[in-house]
Structure formats: C-alpha cells, structure tokens
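Asker: Sequence:
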Amino acid sequence: MSSNQHEPLLGQRSLNRKLNGQDRTRTTLRQAPRKEWRQEIEEVVKSAHRQACTDTNRVRNLTIKNLDFSAPFPNAICGLTELESLEIYNWTGLHGPIPSCIHKLVNLRSLVITGTSLSGTLPKFSKNVNLIGITLSNNHLSGTIPKSLSTLPNLQLLDLSSNYLCGKIPKGGNMGQFKPAGFANNTCLCGKPLPPCFNSAPTSAPAHSPASTALLDSAPEPSPVSTTLFDLAPAHAPVSTSLFDAAPAPAPTPISPTDLEWVPPPISQDDVLLLLEMKKELGFPKILDQWWGGFEFCGSEIYDGHGSKVAIYCTYTSRVSYIVLINLPVSAPFPNAICGFTELEGLEIYNSPGLHGSIPSCLSEFVNLKYLIIKDTSLSGSIPNLSKNTNLETIILNNNHLSGTIPLSFSTFPLWYLDLSSNYLCGEIPNLANSMAKFDATKFSNNKCLCGNPLPPCNNLAPTSAPAPAPQVSAPVP
1 MSSNQHEPLL
11 GQRSLNRKLN
21 GQDRTRTTLR
31 QAPRKEWRQE
41 IEEVVKSAHR
51 QACTDTNRVR
61 NLTIKNLDFS
71 APFPNAICGL
81 TELESLEIYN
91 WTGLHGPIPS
101 CIHKLVNLRS
111 LVITGTSLSG
121 TLPKFSKNVN
131 LIGITLSNNH
141 LSGTIPKSLS
151 TLPNLQLLDL
161 SSNYLCGKIP
171 KGGNMGQFKP
181 AGFANNTCLC
191 GKPLPPCFNS
201 APTSAPAHSP
211 ASTALLDSAP
221 EPSPVSTTLF
231 DLAPAHAPVS
241 TSLFDAAPAP
251 APTPISPTDL
261 EWVPPPISQD
271 DVLLLLEMKK
281 ELGFPKILDQ
291 WWGGFEFCGS
301 EIYDGHGSKV
311 AIYCTYTSRV
321 SYIVLINLPV
331 SAPFPNAICG
341 FTELEGLEIY
351 NSPGLHGSIP
361 SCLSEFVNLK
371 YLIIKDTSLS
381 GSIPNLSKNT
391 NLETIILNNN
401 HLSGTIPLSF
411 STFPLWYLDL
421 SSNYLCGEIP
431 NLANSMAKFD
441 ATKFSNNKCL
451 CGNPLPPCNN
461 LAPTSAPAPA
471 PQVSAPVP
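As numbered in full-length UniProt numbering, the sequence shown has no gaps in its residue numbers, which increase by one up to the final residue, 478.
Hint data in this document are derived by calculation from the structure and do not stem from the laboratory. No residue lacks a Cβ here, since even glycine has one placed at the ideal position from N, Cα and C. Incorrect hints may appear among the rest.
Dumping the calculated DSS-like pairs for lysine-lysine here, alpha-carbon to alpha-carbon at most 27 Å [what the hints assert, rightly or not]:
| hint | residue 1 | residue 2 |
| --- | --- | --- |
| 1 | 65 | 104 |
| 2 | 127 | 168 |
| 3 | 171 | 192 |
| 4 | 286 | 309 |
| 5 | 168 | 147 |
| 6 | 280 | 309 |
| 7 | 168 | 179 |
| 8 | 124 | 147 |
| 9 | 192 | 147 |
| 10 | 388 | 443 |
| 11 | 438 | 388 |
| 12 | 124 | 104 |
| 13 | 127 | 179 |
| 14 | 104 | 127 |
| 15 | 104 | 147 |
| 16 | 65 | 168 |
| 17 | 124 | 65 |
| 18 | 309 | 279 |
| 19 | 168 | 192 |
| 20 | 168 | 124 |
| 21 | 171 | 147 |
| 22 | 192 | 280 |
| 23 | 171 | 124 |
| 24 | 286 | 168 |
| 25 | 171 | 127 |
Pair ranges (Cβ atoms, derived) [to be verified]:
| hint | residue 1 | residue 2 | range |
| --- | --- | --- | --- |
| 26 | 305 | 360 | 42 to 52 Å |
| 27 | 405 | 82 | 47 to 57 Å |
| 28 | 340 | 305 | 22 to 32 Å |
| 29 | 408 | 360 | 33 to 43 Å |
| 30 | 441 | 358 | 18 to 28 Å |
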C-alpha cells in the first residue's frame, strides 16, 4: 500500500481519550513524517484497541450515535461488565426503559444517553460508585430522581434536563453543586438548586411534554451541559462525545406523581369547566367518573384495569399543559373542548378506534404545542394547517383515516419525530430540511399516493407509493 493511501485516515484518529477529567489530547498523524506512517498507524490501531477494550479484550468504551431505526434498549449491554463509558446520542427510535441491570456496570465512569425516546423511571445507581458524569437529558424519563444519585462519591457532572421528572431533588453528596440548568424543562422538580418545594405547587419551570409507544414519550427543548465541570451552558450547545459535554437532542411521557414531597397545583376553574365539557362530549365514559368539580386534576392519572388511561398535567400556573387519552372505550367525535386549553404543550390520544370525525383546526392556535400524538383512531379528513405551531417537535398521526396532502407548514417545524404512516394521504411530501432528524420511508408508508423524498419521486401522472389498506378499526369496548 502506498503512503498516500493512508492519508485520508490520518487526521481522523482521536487518541488518549481520558475519563479522569484531565484535558484530552488529539493526535494528528498527518503531522508525522511519511517514513514513519506505517509505525504510527500500527500505534493508532494498538492505541484504539487499548481505549475501546481492556487488556483482557473486554469492551471498555461504547459509543452509539444517530441510529435511525426503532428498538428497545439492548439488555446485552448489561453483560459488558468491564464497561467504563457508555454514550448514546440522538437515537430517537430507542425506546423502553433504561434497564435496572445497569447497576451491574460497577466500573462505569461516564453514562451519556441523550436524544432518545427512552421512558420510565431512572434506575438505581447505588452500585455505580465510580460514576463521574451522568447525562440523561432530552429523553422521556419520568418519576422521581433516585436518592442513590446523592450517594455517588465521584459524581461531578449531572444533566437530567428535558424529561418528565417530578418531586424533590435529593440532598447530600455532590447534589448541591449542580446548576439549575441540569434539572430544567422537567414536569415538576423542586428543591435545591431549583426553588424550594411547597405544599401548594411545584416551583420548577413549566412542564414540557411527551410522545409515546416505541417512541411514545417524546422530547422538549434541549438544555445541554457545558464543558465546565460545575457550570451549565445555555441551550443549544454543540454535540460532543466528551465526558463533560452533553449533546442536545429531542423528546418524553408524563410522570406518575407517587410518593412526592409536594401537592399538585390547583387547576384553574376555567380548565375545570373545559374538562367537564370534554367528559360530556366523550359520552361520560366510566373511566372519567372521578372527574367532577372538586377533583384534583393536575398530575392525575386514572386507569381502569383494562388498558385505558387518562392523565392530566399542568403548568406551575395551574393551566392544563398535557392531556393523555389512551384506549378510550367511547364512540364520539373529537372533543372540541380541547380547543379551550390554550396553554397546551402536548396532546396524546391513541388506541381509541371509536373516536371519529376530524382533527379540529383550532389546534393551530396552540402556539406552545410541542407534541401532537393521535394514532389508532377513526379520525378522518385532512391534517389541519399547523403553521402557528412553530414549536412542534413530535407529530405522530399514524393509523388513522386521514386524507388530503401533508401541509407545507411541516417543512418549518424542528421535528425530532414524525410518523404519518397508514392513512389515506396523497401528494408530494414537503421538504423537511428544518427537521432535527431524518425520517425514513416507513414513516410515510401505507398511504394512498404519497411521493417524494424519502419515497420515490413524484411523476406528473401517477404517484409512486402503494395504496393504503384501510386502517383496522374495531368496535369500542362497552
């Protein structure tokens, strides 16, 4: 092999990546004399092996970035017991919980999982005593922050921003050294370094919202971490694989406010009336029997034991910010009362085949809307013009009866997740250049006649995608 064949590789090798907080050095082999290239390349290979693997050939460092398929968290990672660094960036199709077996990775020093659809509660880290940095921002994590984080003696960086976490931030250990930005954009966190917890209302910033199923639980605005050990940078910091740089990313699902040290805020009376009107429009389903004027709506989650769920989440100003309706046993049109929730950031409706009619155009007035998830219903008609919803990050409208074209306004949204599959849509797919992620053909499949990137190009006379089968709609459960 001639020496010039090596050159494209030489400037791309980053060596000696350290996990102890010291400055990392970058070795550029292009600076080496040509006669020493072969020797330098051999050193690169050896050094790379030393960094990725231990002396006993066990995996030491694992980095995964920008994957574009859907999958649960691979439990096989828990078998990598010599792992010191695990970093997963911008994999929006990664869903499910972070497995509890992560505690087996006792050598772990850096844990970075950001920009995914992972949901559920945080695992306990009581055995991961070597952890120096934890970045779990921009996911769909919910519940409380485990007290085990306050017992980690070496923890110097913590970023849990942009999730659905709630309750009091644990005291002790190094927890008091972290800045508010590391806890920002959660549902209802309180306590140092955020404002204190009161009995009347949580004091953290207004909750953002989610997206669900394989993804279903989505992401808010990024609040990444800076390169300063104890200081956090403003939003939209650049992505880095450094231990002390957290990558920004997308979208999560609401929390179950159990065993929290605060009382949910009282809901505004205007929103109470709207919720009672929505109950009426849905035909007074049994699962909503608890809804009455004195019910504590904010933070409530109701289950009927048959897979149905209704949840309401509020801002710290006591306005409804997120509505979840899952597997409703109703036969009713889309409840127009939803149009009155002007502070709404997220709407999640799925597995409710008895819900029919059209998606109301009033959704376009929700300027705070980030997460719009309506799937597996009998809703028909066109997708409304959402041009005013400039904050939309997640749009999931698959498995409905929607028809017409995809609105051009979709080209302006900073989307992290999009799924319009299995409808009756037609026409050219808008240019999604402003999206924060790339969407493959499956997100537009099984429609009547969509065409254009990422589907085959549009012809003048005939569309190129396959006709959609009729979405399967079963009768609502009585």
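Asker: Has the given pair, residue 168 with residue 192, been kept, meaning a C-alpha gap of at most 27 Å?
Answerer: Given pair residue 168, residue 192 holds - Cα atoms ~8 Å apart, limit 27 Å.
Asker: Take a quick look at whether residue 286 and residue 309 sit within 27 Å of each other, Cα to Cα.
Answerer: This hinted pair holds, its Cα atoms lying about 12 Å apart.
Asker: So if I understand the rule, the pair passes when the alpha-carbon distance is 27 Å or less; does residue 309 with residue 279 pass?
Answerer: holds (14 Å)
Asker: Taking only the CA atoms, is the gap from residue 192 to residue 280 under or equal to 27 Å?
Answerer: violated (42 Å)
Asker: Does the Cβ pair residue 340, residue 305 satisfy 22 to 32 Å?
Answerer: holds (30 Å)
Asker: Check the hint pairing residue 192 with residue 147 against an upper bound of 27 Å on the C-alpha distance.
Answerer: holds (14 Å)
Asker: Regarding residue 441 and residue 358, is the given constraint of 18 to 28 Å on their beta-carbon distance met?
Answerer: Given range 18 to 28 Å: holds, Cβ gap about 27 Å.
Asker: If you draw a straight line from the CA of residue 65 to the CA of residue 104, is it 27 Å or shorter?
Answerer: Cα-Cα ~23 Å, so holds.
Asker: Run the distance test for residue 104 versus residue 127: straight-line Cα separation, threshold 27 Å.
Answerer: holds (7 Å)
Asker: For the pair supplied as a hint, residue 280 and residue 309, confirm whether the alpha-carbon distance does not exceed 27 Å.
Answerer: holds (17 Å)
Asker: Need the status of pair residue 286, residue 168: alpha-carbon distance at most 27 Å?
Answerer: violated (34 Å)
Asker: Are residue 171 and residue 127 close enough, with their CA atoms no more than 27 Å apart?
Answerer: The given pair, whose Cα atoms are some 18 Å apart, holds under the 27 Å limit.
The structure does not agree with the numbered hints 16, 22, 24, 26 and 29 stated previously, though it agrees with the rest.
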